[in-house]
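There are 2 protein chains.
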Amino acid sequence: MGATMGKIKNILYAQSGGVTAVINASACGVIEMARKERKKIGKVLAGRNGIIGVLGEDLIDTSREKKSAIAALRHTPSGAFGSCRYKLRSLEENRSEYERLIEVFRAHNIGYFFYNGGGDSADTCLKVSKLSKSMGYPIQAIHIPKTVDNDLPITDNCPGFGSVAKYIAISTREASMDVASMAKTSTKVFILEVMGRHAGWIAAAGGMASSANGEFPIVILFPELAFDRARFMAAVGRKVRKYGYCSVVVSEGVRSADGKFLSDLGLRDAFGHAQLGGVAPALASMVKQDLNVKYHWAVADYLQRSARHIASKTDVDQAYAVGRAAVEMALQGKNAVMPTIERTSNHPYRWKVGEAKLSRVANREKMMPRGFITRDGFGITPRCREYLEPLIAGEDYPPYRDGLPVYARLQNFPVQKKLPKGFDVS
Amino acid sequence: MGATMGKIKNILYAQSGGVTAVINASACGVIEMARKERKKIGKVLAGRNGIIGVLGEDLIDTSREKKSAIAALRHTPSGAFGSCRYKLRSLEENRSEYERLIEVFRAHNIGYFFYNGGGDSADTCLKVSKLSKSMGYPIQAIHIPKTVDNDLPITDNCPGFGSVAKYIAISTREASMDVASMAKTSTKVFILEVMGRHAGWIAAAGGMASSANGEFPIVILFPELAFDRARFMAAVGRKVRKYGYCSVVVSEGVRSADGKFLSDLGLRDAFGHAQLGGVAPALASMVKQDLNVKYHWAVADYLQRSARHIASKTDVDQAYAVGRAAVEMALQGKNAVMPTIERTSNHPYRWKVGEAKLSRVANREKMMPRGFITRDGFGITPRCREYLEPLIAGEDYPPYRDGLPVYARLQNFPVQKKLPKGFDVS
Numbered sequence: 001m002g003a004t005m006g007k008i009k010n011i012l013y014a015q016s017g018g019v020t021a022v023i024n025a026s027a028c029g030v031i032e033m034a035r036k037e038r039k040k041i042g043k044v045l046a047g048r049n050g051i052i053g054v055l056g057e058d059l060i061d062t063s064r065e066k067k068s069a070i071a072a073l074r075h076t077p078s079g080a081f082g083s084c085r086y087k088l089r090s091l092e093e094n095r096s097e098y099e100r101l102i103e104v105f106r107a108h109n110i111g112y113f114f115y116n117g118g119g120d121s122a123d124t125c126l127k128v129s130k131l132s133k134s135m136g137y138p139i140q141a142i143h144i145p146k147t148v149d150n151d152l153p154i155t156d157n158c159p160g161f162g163s164v165a166k167y168i169a170i171s172t173r174e175a176s177m178d179v180a181s182m183a184k185t186s187t188k189v190f191i192l193e194v195m196g197r198h199a200g201w202i203a204a205a206g207g208m209a210s211s212a213n214g215e216f217p218i219v220i221l222f223p224e225l226a227f228d229r230a231r232f233m234a235a236v237g238r239k240v241r242k243y244g245y246c247s248v249v250v251s252e253g254v255r256s257a258d259g260k261f262l263s264d265l266g267l268r269d270a271f272g273h274a275q276l277g278g279v280a281p282a283l284a285s286m287v288k289q290d291l292n293v294k295y296h297w298a299v300a301d302y303l304q305r306s307a308r309h310i311a312s313k314t315d316v317d318q319a320y321a322v323g324r325a326a327v328e329m330a331l332q333g334k335n336a337v338m339p340t341i342e343r344t345s346n347h348p349y350r351w352k353v354g355e356a357k358l359s360r361v362a363n364r365e366k367m368m369p370r371g372f373i374t375r376d377g378f379g380i381t382p383r384c385r386e387y388l389e390p391l392i393a394g395e396d397y398p399p400y401r402d403g404l405p406v407y408a409r410l411q412n413f414p415v416q417k418k419l420p421k422g423f424d425v426s
Numbered sequence: 001m002g003a004t005m006g007k008i009k010n011i012l013y014a015q016s017g018g019v020t021a022v023i024n025a026s027a028c029g030v031i032e033m034a035r036k037e038r039k040k041i042g043k044v045l046a047g048r049n050g051i052i053g054v055l056g057e058d059l060i061d062t063s064r065e066k067k068s069a070i071a072a073l074r075h076t077p078s079g080a081f082g083s084c085r086y087k088l089r090s091l092e093e094n095r096s097e098y099e100r101l102i103e104v105f106r107a108h109n110i111g112y113f114f115y116n117g118g119g120d121s122a123d124t125c126l127k128v129s130k131l132s133k134s135m136g137y138p139i140q141a142i143h144i145p146k147t148v149d150n151d152l153p154i155t156d157n158c159p160g161f162g163s164v165a166k167y168i169a170i171s172t173r174e175a176s177m178d179v180a181s182m183a184k185t186s187t188k189v190f191i192l193e194v195m196g197r198h199a200g201w202i203a204a205a206g207g208m209a210s211s212a213n214g215e216f217p218i219v220i221l222f223p224e225l226a227f228d229r230a231r232f233m234a235a236v237g238r239k240v241r242k243y244g245y246c247s248v249v250v251s252e253g254v255r256s257a258d259g260k261f262l263s264d265l266g267l268r269d270a271f272g273h274a275q276l277g278g279v280a281p282a283l284a285s286m287v288k289q290d291l292n293v294k295y296h297w298a299v300a301d302y303l304q305r306s307a308r309h310i311a312s313k314t315d316v317d318q319a320y321a322v323g324r325a326a327v328e329m330a331l332q333g334k335n336a337v338m339p340t341i342e343r344t345s346n347h348p349y350r351w352k353v354g355e356a357k358l359s360r361v362a363n364r365e366k367m368m369p370r371g372f373i374t375r376d377g378f379g380i381t382p383r384c385r386e387y388l389e390p391l392i393a394g395e396d397y398p399p400y401r402d403g404l405p406v407y408a409r410l411q412n413f414p415v416q417k418k419l420p421k422g423f424d425v426s
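Each protein sequence line maps, in turn, to chains A and B. Mapping of the first sequence onto the numbering used here: position 374 corresponds to residue 374, and the numbering continues sequentially without gaps. Mapping of the second sequence onto the numbering used here: position 283 corresponds to residue 283, and the numbering continues sequentially without gaps.
Simulated from the structure, these hints should not be mistaken for lab results.
For identical chains, the list gives no copy identity; a pair is met inside one copy or between any two copies.
Derived lysine to aspartate or glutamate pairs resembling EDC-like cross-links, with alpha carbons at most 20 Å apart: (1) 366 with 389; (2) 421 with 97; (3) 313 with 402; (4) 417 with 97; (5) 313 with 396.
Note that the structure is a prediction, hence the values are computed from the model and not measured.
Using the sequences and the hints given, assemble the complete structure.
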């Protein structure tokens, strides 16, 4: 078995943070490409529940999965090996965690660490690369981009975002048509709360609902701009007077000028981010107070990021491509890098996989440029539209049985543990 | 023009109450069938915003729409002519409203009144039929069934329900996979609030997410059963201990034993129904208190009933068929009836259009039979599964352009008014 030979190393793949409709397409790209390169690469092992599984030496042997099961990952949402919200502390704070990772790598003949996540995991990936060298077991650490928030720098866009954007655009169009039907005697304002802590990319996608082939009155609230209640109500009121109704797409991360979230539950996740939610009902009650019209509100929550049934074909293709590219980069001897999406043309849309150094990726967030938001702050500009349109283009339907999509469910066979002791994740 | 001849009468079609993903497919069935019968039927006129438009003599001439626009109604959600929430008062309370309807019918040579709605509109339809006869201008009044709630009697199921059911089943499956991925360190309970004031049919559809090709731990709260906090928490706690996570599908209409909605905003719509919403966050905070686990919640609201992008093919076919059948019944001289869906076989699923007298339909609600709910009250039985499965079967994708579904947007040309005065809808 190549997997146990000295020269031929295994890949360790782990999913990190919130999952998406297409993160498994990246896993599919990694595994299918690695299986094609059996002479150069051993097995693809996966951390069960992400980095937690790596620390605990709880690994999954993907080589025991059937070819058809791996192929089905391409159309399967969620994280097939489990993910986690767990941010490694700094080297100074908890060096033992990093040392444990290297121990696990060494025990399982890992030559390549692929971390599939957002900004936090890019940072972890970079630290692992540095430390492994200083510990005399140099690893090629490659970060595979994934985030619905679309907030990673350098890459033109992030796999995971296009499908959420498509879902939000379609849902906003459909719900707007519903409200338009009801507005004469009933609901006049519909509020849809979408994800996006700091960056308004997902909210921007709501603006795509309105286009040449279907125009709708939509007001967007971006987290990049401070919420001004009076100006917002004036904008909504104008739409209601003109069209009879209005749809509002609001980012969960919207804050007032004094920095307060519209509705902050006060909970924080393991990365220290506020756990948000409930902005839509808060906003709805303000609309009732200020405009006295009937409203409805929806909170899409996990539905938006798991909606593989209506994933963007561009997104699926790109997620697969960055997974595949990680293997190619590994074979080229690259380290501390991330495959990126490079847009080479808008009309027609063309893209290729590029490469970014992790030192330039980690801990940087890409916000909506001001030029993508209309002057009044409540809509998207033609430039934003040109950027978003190809990302939501194309459908990539999963197979169905009995009216439901058939998604892959892996066996997730454990790899036998080799280390003498476990590791307490605190 | 046949439309103005004495013998050849026009159809007046109106949409009522909450719209659905397939009510326009019924309109499509009516108009396409009527266009085939030009020698016997005049024009199809439509009330703008439903019965409000009929009272105001604000009618739409569908004969001026292109064939392709009418065909596109089949894949278009919402109410293409507008709907309304407006319940006619009783004859004793407001006879003038009924008399006005007859006046409008007479002025526009209407021979057939097609009212496309739920239980309330079936009642209105019956009253119109009776009064028109007593006023010497007998109308054939035919009710076309439509309700996402699936609560009309006699018919095996209601057009509009199958598509919501499919959306909820798919969304519950996708979100459950998402939670499963995150549960190790993050969200363990996911709560999805769905529509259904009195009947739990939509909530039941959440149970379909779990099937032979994908099993998931799901707890359902039906409005037919009183909410018992301790028993509910015990059920959720058991799933979390066994599977590591749990999805909850809760009907907006769930009430405690003392009859209180879990979260009642205190608003009422024009039919006197409580305007609900916010059950999911209320339940989520109870879960936090009692089980102390991390949760997420979603409220699907209008997204569920407008999601034409993932409509059930069975539903679309049936919605079209009842529209078409209304025209056939009209030509057969029928009055005060409703086309129904009759299930003639389960394996394979077979159905045909039947017929019910409106006197047997009006003001009766069909609840979930107790035999469709598991003994513990939190799940669906194999009999329920057998009932629901064919209703969510098949996909019927709309056409797409630039990543978005292309839905029909009619011109909605007004019919010239003929009556000397307007009518105040109060």
